[in-house]
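Asker: Read off the chains here:
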Amino acid sequence: MEKVCVLGAGSTKYGKLSDSIADLTTQASVAAIESAGIDPKDVKAAYISNVFGVADKQVHLGPVLMSNLGISDKPSLSIESACGSGSVSFREAFANVAAGFYDCLVVTGVEKVTHTGTEWTTTYFSYCSDFFYEGQAGASFPGLFASMARAYLTEFNATEEDFARVAVKNHDNGILNPKAHLQKKITIDDVMKSAVVASPLKLYDCCPFSDGASSVILCSEKFAKESGNDYIEVIGSGRGGSPAALQGRERMTTIPSTKIAAESAYKMAGITAKDIDFAEVHDCFTIAEIVDTEDLGFFEKGKGVEAVREGRTKLNSDISINPSGGLKSKGHPIGATGVGQVVEVFDQLTGKSGARTVKNAKIGLTHNFGATGASCAVHIFQSV
Amino acid sequence: MSIKELLIAKAKEGKVLTHKCTKCHHLHLSNVYYCENCGSKGFENEILEGTGSVATYTIITVPPAGFEKYTPYAFVVLQLDNTNLRISGFMAGISTPSDLPVGTRAKIVGFDERGIILKKQ
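Which chain is which? The protein sequence lines are A and P, in order. Counting from 1 along the first sequence, just add 106 to a position and that's the residue number in my numbering. Letter 49 of the second sequence, counting from 1, is numbered 38 in my numbering, and no numbers are missing.
Covered stretches of chain P (in silico footprint by chain A; criterion: 3 or more residues with CB under 8 Å from a CB of chain A, positions within the stretch not fixed):
# : region
1 : 38 to 52
2 : 56 to 65
3 : 76 to 88
4 : 103 to 110
Restricting the straight-line Cα-Cα distance to at most 30 Å, the calculated cross-link-like pairs of lysine-lysine (DSS-like) are:
#  : chain 1 : residue 1 : chain 2 : residue 2
5  : P       : 9         : A       : 365
6  : P       : 30        : A       : 365
7  : A       : 458       : A       : 291
8  : A       : 163       : A       : 122
9  : P       : 4         : P       : 30
10 : A       : 163       : A       : 119
11 : P       : 9         : P       : 109
12 : P       : 58        : A       : 299
13 : A       : 291       : A       : 122
Derived from the structure by calculation, the hints contain no laboratory data. Glycine is no exception: its CB is placed at the ideal position from the N, C-alpha and C atoms.
Here chain A stands alone, though its shape is the one from the complex (with noise of 0.2 Å):
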């Protein structure tokens, strides 16, 4: 298996935008070819992650870019996997360079859904659940993380309060991240008193529908020395499932697909959870972050919340988790998140993440998941 690199990294603005979703895929693409200082026709092929381009009137967005990029010669193709889209099709791209098919690949996500209103986006985003059962009976997304923060609440010692305290640590993180959708202070009483989306969720536990694009180049380590550019290597990539509905579950308090999919990066990397610097977490609602802490093996099951609590997730304490604010605070264009996750690890390794930088920082995680973590996968990364 060949080493894998990350060799450039950019993103829009996250946030509500006017440009189509195929002019962010296009800008988010050149961002990420000139932090590489490659030629476009040094990259084989494109990977796109995208959800709803429906809303935008542009599916099939690969050859758009490669037209766009003036190499519509090349081969692209797009990945759907809702909210973990990005990380699945950043996944695939990185099995492709592994294996030998390609030297360089661009690995582009976007969502632009932020004109068609809430009502719009809940319903549309409730088929990612398993429908007959879920979006079907009326759940939406907050929902049915509504639904995890009740189990959570009734089995752990936790209180909504503690939920918002992730609130607003990732956003006191996003307003360090110039391109953050909600580059706002807020405060427990904020979050507390925010209007109820989905009890026990408030306006604040959730995270924002937004529009953005973020692109990554990947590609193997001689591509990489030789363009004589920063990179950092890709040290694990782990993926998982888990039952589609929350009902199949044993436990509603854990997500299965996190936990396979990060024993599997931590076995490829050779290091336990212990040896993460940071983590770009999928924290698309309060409860989620938490959760995902347990999962990924930082704390134990129930005590990540206490964690919170003490600020031990905060930037620059025991384990920075979202130093870009997150889904939360930098927002959630879905098929990009995953994507934009990767943008930051890279910035962060290659000290270009300004006030909100990680000291001395030498690895990595980005956690993405689609739905209610009915897929995921993990990626760890490493400075050279």
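Given the coordinates of chain A, assemble chain P onto it according to the supplied hints.
Answerer: Showing chain P alone in chain A's frame:
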């Protein structure tokens, strides 16, 4: 009648169609085609009473399209009696957490465009 149609017909009678593996007797909801325990493909239908207790739930105040007129309502994961199976459904008329503590007894009472319909017992 397809399996899905039979599941819906049974839900309308307040019951749950399940699939019991003929080889290892592991019980599944009826959407499963291969046993998750032993991989076998043979199943026999087993009809359960649609009664149980609330395993977890949420009260939805920002609904998907079509649910505005029912809001607020609960989405409930029901732990079925005498099995390790859970099934999800819609429950009307729930507006605060005190209306539906975890563990509340509930049952299936129907099926319509809102999927499986649950009610407190």
